[in-house]
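Peer 1: Residues per chain, in single letters:
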Amino acid sequence: MKHRAARLLFFSALTAVAAVYIAPVAFMLVGSFKPDARVLSEAGSWRAFFPAEASLQNYRDVFARVDFTRYLLNSLWITGAITVGGLVVNSLAGYAFARLRWRGRDRLLLLVILLMILPYEAIAVPLFYQVSLLGWRDTYLVQILPFIANAFSIYLFYSFFLGLPRDLEDAARVDGAGALRTFVEIVVPNSKPVFATVTIVTFLFFWGFFLWPQLVTSGDRVRPLPVAIATFQTLPPLRWGDILAFGVMMVAPVVAVFLLFQRWFVRGIAATGSKE
Amino acid sequence: MTEPPPAPRLRILHALPAGPLMALPAVLALLLFVALPFATAVALSFTDLRMGSPLATEFVGAQQYQRAFEDDSFRRALANNLWFAAVVVPLQTLLALGLALALNRSFRGRAAFRTLFFLPVVFPMALIAVVWQLIYAPGPNGILNALLATVSFGAIEPLDVLRHPQLALPALMLLSIWQGVGFQMVVLLAGLQAIPASLYEAAAVDRAGKVSQLFHVTLPQLRNPLVFTMLVTTILSFRVYDQVAIATRGGPLDATTTVMFETVRTVFDRQQVGLASAMSVVFFLMVLAVTLVQRALVRQEREID
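Protein sequences, first through last, are from chains V and F.
Going by my numbering, the first residue of the first sequence is number -14, and it counts up by one from there.
Going by my numbering, the first residue of the second sequence is number -3, and it counts up by one from there.
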C-alpha cells in the first residue's frame, strides 16, 4: 500500500514538473493559431492553451509580410553546407590522425586539441574586421566557409576511429587498397554512429547560429532564420500571433527530425559528453 | 643484383603520403579561420585600430586592457557573467540530476517524459528569447504575472521583469536553464546507465539504504559526467549573447549586459576593433581558466584510481 502511494506521488510530481516545463512550447503552438489580439489578452488565462477559435491566418500573415521561404532556404543551405562539408573534411582529418603515420602528426593533433578550447566568439571580432575590409559581408560564403573545419568534430571522429577494430582495414590494405579507398569503403560504412553524432550536433548548433549571421547580414538576401525572427519581432505592427507562427515554422522541421530520429539525437548528445 | 629504381610516377606518390593529404583541408582551414584570427585578435588588442578611421593605427601596449577594465559597462558585464554562472550552474545541475535520477527508474511513460525534457535543446536560443518575452510580458495579462497573481491571491502586482533592474538578469537565467537542462540530463542519464549493477548489489549486501547508495555509489560514479556538464554550462554562461541581444539589449542600465554583448557593441556600434579585441582575449582567458580547472579535476580523479 505504502509502495503504491509513493509511486503515485512520484508520478504526480513528475507530471506537474513536466506540465510546467512544456508550457512555453504549448503556449507558442496554441498562440500561433489564435486571432492575434487574443494571444496577449488571453495569455494569463487557461484560454492560452485552449483557444476558442483557431485559424491559419497568422501563418498566411507571415508569408504576406516577409519572405519566409527565402529565410528557410538560406538556413537550409548554410546549415546543410557546413554540416556536409564538415563531415567530409573533419572525418578525413580524424582518420589521418587516428590511423596513419606521418611526420608532424602528433604536433598538429595537439594543435587541434588546443583549438577545441577556443570558442568561435573569441574570433568573431578579428574575423568580422577582416570580412568587412574585404567587403564580404552579406554573402553565403562568409557564413559557411569559416565553420566547416571544426576541431571538436575532428576530435569526435579521431576518438571513434581509434576505437574501431583494425582487422578489416588491415585486410583491405593487404589487398592493395590505398588509405583513401580503405577509408571510404571500409571505415565509413562501419562508423555510422559517429557520423550521426557529428551531423546532429553540427546541424543543431548552426540552425540556431545567431551572433555571426547577425554581424555579417544586413539585408534579407542571405539572412538565416534566427536573425530573421529577431528582426521580424521588431517589424511594426507588433503582432504576437504572427511572431509565434514564424517561430513554429522555424522549429517544426527540427522537431520533426528529432522525433523521428530521437534515439540518435539522445545518443549523439550523450556521446559528446562521454568523450572526455 | 641491384633493384631497379622506382618509376618516377611512383616516387611522386611516395612524396605525397596519404596522412598529410587527408588532414590538409581541415587543418589548413582551422589555421586560416580559427588560429590566425585569434592570433590577429591578440595582436590587435595592443593597438588602437578603429574601423574607418583616417588616423594611422598605433601600438598602444596594454592600454586597451586598462580601458576595458576601467569601463563601467564592461566591468558590469564581467560581474553579470560570473553571477550568471554562479546561479545557473548549480541550479541547472541539481535540476538535471533530479530529472536524470527520476527518469532512470523504470515506469510506464518514461520515454515520453525524456522526450519532453529534451525537446527545448533543439530550440534555437533566438526563438526562445522571442517567445519568453511573451511569458514575461508586462501587465496583468503576461503569463508570469498572471501566475504570480494566482498563487499569491493577487498580492503580487504585475511586474515588467525584463525592464526591472534586479529581475531582468534572473529572468534570462530562467529561460537559459529551461533550454539547457535537457542536455545536462541526457549526459547524466547516460552516465547513470553506465554504472555497473554489481556496485548497487554490493551496497545492498552491506545494507546500505537508498540515500547512502546515492552518496556512496551513484554520485562518485557520476563524477566525470557531472564535471563535464558543469564545465560546459559554465562556458555557456560566459558565452551568453543571443538572449541578451534579443530580449533586453543589455538593459536596463547594463543590468543584463555580458562580455560578448559588450564586445559586439564595441566593434559593431563603436567600430573600436582594438578595444573589442582586448575584450575577446579576456573572454578567451575566462574560458581557458574554467577548462584548466576541469582538466585538473579529471586528472586528479585518474590519479586516485
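Quick caveat, the hints were computed from the structure, so don't treat them as lab data.
Hints are not guaranteed to be accurate.
To be verified - Between beta-carbon pairs, the in silico distance windows are:
1. F/L90 - V/W31: 27 to 33 Å
2. V/R88 - F/L78: 42 to 48 Å
3. V/A(-10) - F/Q209: 32 to 38 Å
4. V/A1 - F/G205: 24 to 30 Å
Just so you know, these numbers come straight off a predicted model, no measurement behind them.
Idealized CB from N, CA, C, for every residue including glycine.
Peer 1: Each hint needs a verdict: does it hold in this structure or not?
Peer 2: Verification of the hints:
no.	hint	verdict
1	F/L90 - V/W31: 27 to 33 Å	holds, 30 Å
2	V/R88 - F/L78: 42 to 48 Å	holds, 44 Å
3	V/A(-10) - F/Q209: 32 to 38 Å	violated, 22 Å
4	V/A1 - F/G205: 24 to 30 Å	holds, 27 Å
The structure does not agree with numbered hint 3 stated previously, though it agrees with all others.
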